[in-house]
Amino acid sequence: MGNLRDKYCIVGVGETEYSRNSGRTTRAMAVEAIKKAMNDAGLGPKDVDGMMSYQQNDSTPSLIVGPDLGIRLNFWVDMVGGGSSTEALIGLAMGAIEVGMCRTVALFRSMNGYTEVRIGGTGARAAAPVRGQELATRPYGMTSAGQVFAPTFMRHMHDYGTSSAQVAHVKVAHSKHASQNPKALYKERVTVEDVLNSRWIVKPLRLLDCCVETDNATCLVVTSAERARDLRQRPIYLMGVAGRVSKPRTDFPWAHGPLSRVAGYYAKDIVFPMAGIGPEDVDLTGSYDAFTFTTLLQLEEYGFCKKGEGGAYVSSGIIELAGKRPNNTSGGHLCEAYTHGMNLVIENVRQLRGLADDYCPGWAEGKHSYDYSPGKCRQVKDAEIAMNLGWSTPATGSALILRR
Amino acid sequence: MAEYAKPLPSITSESKPFWDACRRHRFVIQRCLDCGSFQHYPRGVCASCWGDRLEWRESRGQGKVYTFTVTERTQTQGFREEVPYVVAYVELDEGVQVLTNLVGCAPGDVRIGMRVAVTFEDVNDQVSIPRFAPLEEASGAR
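Just so you know, the protein sequences line up as chains D and C, in that order. Mapping of the first sequence onto this note's numbering: position 55 corresponds to residue 55, and the numbering continues sequentially without gaps. Mapping of the second sequence onto this note's numbering: position 77 corresponds to residue 481, and the numbering continues sequentially without gaps.
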């Protein structure tokens, strides 16, 4: 697989408005996001012949969305999954093109994550059938993502002395970034005290440690580097990918390996050698922020700091826009929108193009002020290499390395 | 007995012997006769060596808190009326970890590493649910 480095590109990105009241079907939103991503790439309906999506019984599949856009598909697949699916599907799209099943893939995620199926087990999800691991967890009142992840966070605090105040800096940083993002749902900057004063949800998680819930669709277009050269945007090259890499037992991961170790421990050994770089070469990261802690745990596991030193790392200013290696410059899942990972990859693509859609009047021409005060610029200067760290659970994660 | 409002376990062929033992207030864990590995939650085969000769060993039902979380907000029926409550992974002295609730002490008093023992709640005529309490508080341990 290493020989596919730089042979595939992300050539188009697009999204709907990020809202808490779309008033639309996932089908209508998917159509809009795909159309925007294809327009971004300069592609018409005859230029895309592959389609992929991921969902949790809360979306509209490719074979319905494709015809709405007049696209005849040579390949489509809709996978079950949430976080960490974006990176995995990008890798699968590369494979589908490589073996000749199709030439260009539009990859989307459409979800009414606030008005229909909510992550915390409310809305339509509350009536979902019980299966798999839930057979064992529900009798003990463990039903939400926060509850499933929180024991890992508590153990990390115990093992390494990580403090709530340190971890709160993840929300602080992402809220600063969101204040420079016209698309972000929450644009207001918050302080460490704001996080620590917000109410408990599932200890050690307070309200502001948790991501937003939103309605939206997002789309990425993947094609070969050869085709990418003729398209509208500067191609963003795929250097390495790792998909849904997992700990030894994904259903009951606490029983195998230190609980405070997450899947990136294994994924790093796939993605970095494939890309031929190390963490020190990465200019900005998109470490999945379902919760503040998920960002921290993954930055540690991929080697951006030593294991156990994540608290010091995220509170040092490094992950902020003015810092050495900013994380989730759009505001991420904590502030911009919840898309199960795709907006975090879209943001890194725009950053590497030099076209972060901030408040700089000339952003569309790549003219940025690099003034990171509220309501101004969020472009990272001279960003060459970006990385996404996708999170499904503590036991499963994906990774992606991109360059311009 | 007042009607039990929390979710009941969905008992499968693999887990039925475990839940049957709980009904008798015994906490049992699977042990592989081929490689000697213990495993919990119950599976159809030994996940370590693929052996299918699994026996049920009775645990002393004692261990320590490996980690925990305190839920202050939930939508789960039966639990939402009882917040805050503690979900924990207890490491039994036999080595396996068990997802459970901690009862018998204030959520604010729970600490990683504290000694706990199993206690069974007979929630209806068929099902008893194992939870854990600080060792001196446990009533169901032998």
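The set of hints was computed from the structure by calculation and includes no laboratory data. Possibly wrong hints are sitting among the right ones.
[Claimed, not checked] Here are the simulated lysine-lysine pairs, DSSO-like style, with alpha carbons at most 30 angstroms apart: (1) Lys307(D) / Lys468(C); (2) Lys7(D) / Lys324(D); (3) Lys306(D) / Lys410(C); (4) Lys36(D) / Lys46(D); (5) Lys324(D) / Lys381(D); (6) Lys381(D) / Lys183(D).
None of these values were measured; they are calculated from a predicted model.
For each hint, the structure was consulted:
1. Lys307(D) / Lys468(C): Distance of about 25 angstroms is within 30 angstroms: holds.
2. Lys7(D) / Lys324(D): holds, 29 angstroms
3. Lys306(D) / Lys410(C): violated, 42 angstroms
4. Lys36(D) / Lys46(D): holds, 15 angstroms
5. Lys324(D) / Lys381(D): OK: Lys324(D) and Lys381(D) at ~11 angstroms, within 30 angstroms.
6. Lys381(D) / Lys183(D): holds, 21 angstroms
Of the numbered hints stated above, the single one contradicted by the structure is hint 3.
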